[in-house]
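Engineer: From just these sequences and the hints, can you work out the full model?
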Amino acid sequence: MIVIFGVFLLTLLVITAIAIVRTENLFVAVMLQGIASLFIAGNFFLLDAADVALTEAAIGAGISTVLFLSALALTSERERSKSSNKMLSFTVVAVAALVLIYATFDKPRFGDPNAPVQTHVAPWYLEKTPEYIDIPNVVTAVLGSYRGYDTLGEVLVVFTAGIGVLFLLGSGAPLGSLPQEKINEGLRHHLIPRVVGRVLIPFILLFGLYVQFHGEYGPGGGFQAGAIIAAAIILFALLEGEQRALSVIPARVLLGLVAFGPLLYLAVGIAGIVLGGNFLDYSVLSSDSVTGQQLGILLIEAGVGITVTGVLLSIFHAFAARGR
Amino acid sequence: MSMLLDILSWVLLTLGGLSILIGGIGALRMPDLYTRMHAASVTDSMGAILVLVGIMLQAGLTLATIKLIAILLFLLISSPTSSNTLASAALLAGTRPFEEAHQSDDEGKE
Amino acid sequence: MYYAVTIATLVTMGLALIRAILGPSVYDRVLAVNMIGTKTVLLLSVIAFLYGRPDFLDLALAYALINFIGVLAVLEFFRNRALRRSTEPDRET
Amino acid sequence: MEILGLYYYWVFAILLMVGLYAVIAKRNLVKKLIGLTLFQSAVFLLYITMGKVDDGTAPIFSVTGSNIFSNPLPQVLILTAIVVGISTTALGLGIVVRLKEEYGTIEENEIQEIDER
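Taken in order, these protein sequences are the chains called A, B, C and D.
According to the numbering used here, numbering within the first sequence proceeds without interruption in unit steps and concludes at 313.
According to the numbering used here, numbering within the second sequence proceeds without interruption in unit steps and concludes at 96.
According to the numbering used here, numbering within the third sequence proceeds without interruption in unit steps and concludes at 99.
According to the numbering used here, numbering within the fourth sequence proceeds without interruption in unit steps and concludes at 292.
Some clues are possibly wrong.
Derived pair list, reagent style DSS-like, types lysine-lysine, alpha-carbon separation capped at 30 angstroms [said to hold, decoys possible]:
#1 Lys275(D) with Lys117(A)
#2 Lys71(A) with Lys96(A)
#3 Lys275(D) with Lys207(D)
#4 Lys71(A) with Lys275(D)
#5 Lys207(D) with Lys71(A)
In silico contact screen, one side only, chain A against chain C (beta carbon under 7 angstroms); selected entries [as the list claims (entries may be wrong)]:
#6 Ile193
#7 Gly207
#8 Pro208
#9 Leu227
Since the hints were made in silico from the structure, they are not lab data.
Treat the numbers as computed from the prediction; the structure is a model and nothing was measured.
C-beta: ideal position from N, C-alpha, C; glycine also.
Structural biologist: Here it is, written out as structure tokens:
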């Protein structure tokens, strides 16, 4: 029965995707993309990926829409020119789709417990996590410890992307010519959203911290928490004006966060070497190897959370500052 | 007693599902933006209350119930605010109520 | 009984999606996004119980808290657009 | 059941190609980026679909629930990929904004015309 729900959601997703490509109004495309993100998150949840669904929720519901809309405000809302070589592109895409669909017939059955994916390292992770790390959430264990090197790479990619956006948008003559005081006031004249937003912001922050530190026991972790905390502060910036948000957390502090997160991560890794283990081997961090692993995961998740918060907020402010 | 609770929660869940469905039909069939918004937002809150209270009765006194209460509270605060915000934005941009809906995609411009 | 609610929610999501695609105004589409957001919260709560893992209510909680930001971003976008139109009457398009 | 399982993979194929179509056929750069995010989402869905195990549950141990767990590894990969995806999309949007400032347009063909002049 649940498979049928998934199939229905996927059908809605395909319809949304086609509508996104067909519309010429970019604002509508962004709205439909928000809907697509909701469907995707629902599907992740149906496919047992609670952590992934939480990430998609934290990113897709707020930050993605905010970023696309601020980019649209700086560029234009409509597509002007017609598509190039419609027939040719459609043929290429259709042929590729048919090839891919043909290939699916050789795939292992959906949900097959004996598929190659399921029999490689995954059983080992599931079996050994209680023994080596002793936390309930295997996803966090894999993310933080077994594949910590991978995660370090991802954190550095996020870091680099943030630096890239700051380089692109952080300097030079801004485009807009709006009166400064109008821009600065945000939505301060809209009383009802402002009051409600003020009620919600502390709870979102609290929830972000809960997700950060509860990540070992339930769905959550640094990536989700960073996005949720950034969303709370973006909400504040939308309500009170971007300048107020910048005076609460200045750009310098944000830059510090962006740099501090990866540094904390690397420091934990190097501490492992100094204490006589391998790079990112947390077992040596404490006299008891299980406690060491838990401590290491806690620290690197904090590093991840700090990086993601800093990068997402810096990106938001870079786009917002461009509109002034 | 638990039998009674079960029946009550089933009734609530069914009513909630019905209310959600009515809201969906209303949002699709109503003639203009404001009536659609009315259909959607009222049944949104009603459906959320009915469904979540229905689940709460099933969950009993656990952590889950507390989380459900939190979800319900936040939904009850934020969902009507969103509708209000949206309606006032539409009104400010010049969408008139009670007209035949024939605005273009980018109405409110010029 | 959870199944009935899930089916009702999914069908409503479908109806709201039709509204989002048909439009006609941008506000209808924002309304549809909002509707689907609320429905997702309900869907996730119900499915968490359907799976017998009520600890996953965190997801629904996240959506209940964060969905609000999208609408505010849209409002801010409209406000900015109106401001830009009033200060630059000779803007292109 | 068999066909329903295959449907997941077909949706992946269609979604991937819808995204690719937006990237190669559309000339608006923001639209291309939106197509790219669709493409990404399709890949995410494929990974998560492959990690699902029959009657499994999310790989988080709990006192209740079954003892069969879905594969945690694809979930880890995709979890990080989502956040990386939004940061790289933001980078792309940053480039588009800069292009708009330099060329006054975000249509690919118009930018090329200006370059050839």
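Engineer: Does each hint fit the structure? Answer for all of them.
Structural biologist: Here is what the structure says about each hint:
Using a Cα cut-off of 30 angstroms, the hinted pair Lys275(D) and Lys117(A) is violated, with the two alpha carbons roughly 53 angstroms apart. Between the alpha carbons of Lys71(A) and Lys96(A) the distance comes to roughly 38 angstroms, so the proposed pair goes past 30 angstroms and is violated. Annotation: proposed proximity of Lys275(D) to Lys207(D) holds, straight-line Cα distance about 15 angstroms (limit 30 angstroms). Restraint check for Lys71(A) and Lys275(D): the C-alpha separation of about 19 angstroms stays at or below 30 angstroms, so the hint holds.
A threshold of 30 angstroms between alpha carbons decides the hint, and for Lys207(D) with Lys71(A) the separation of about 13 angstroms falls inside it, so the pair holds. Annotation: interface hint on Ile193(A) holds; nearest CB of chain C at approximately 5 angstroms, less than 7 angstroms. This hint holds: Gly207(A) has a C-beta 5 angstroms from the nearest C-beta of chain C, less than the 7 angstroms allowed. Evaluation of the Pro208(A) hint against chain C yields a held restraint, the C-beta minimum of about 6 angstroms falling below 7 angstroms.
Against a cut-off of 7 angstroms between C-beta atoms, the interface hint on Leu227(A) holds, since the closest Cβ of chain C lies about 5 angstroms away.
Checked against the numbered hints given earlier, this structure breaks hints 1 and 2; the rest are met.
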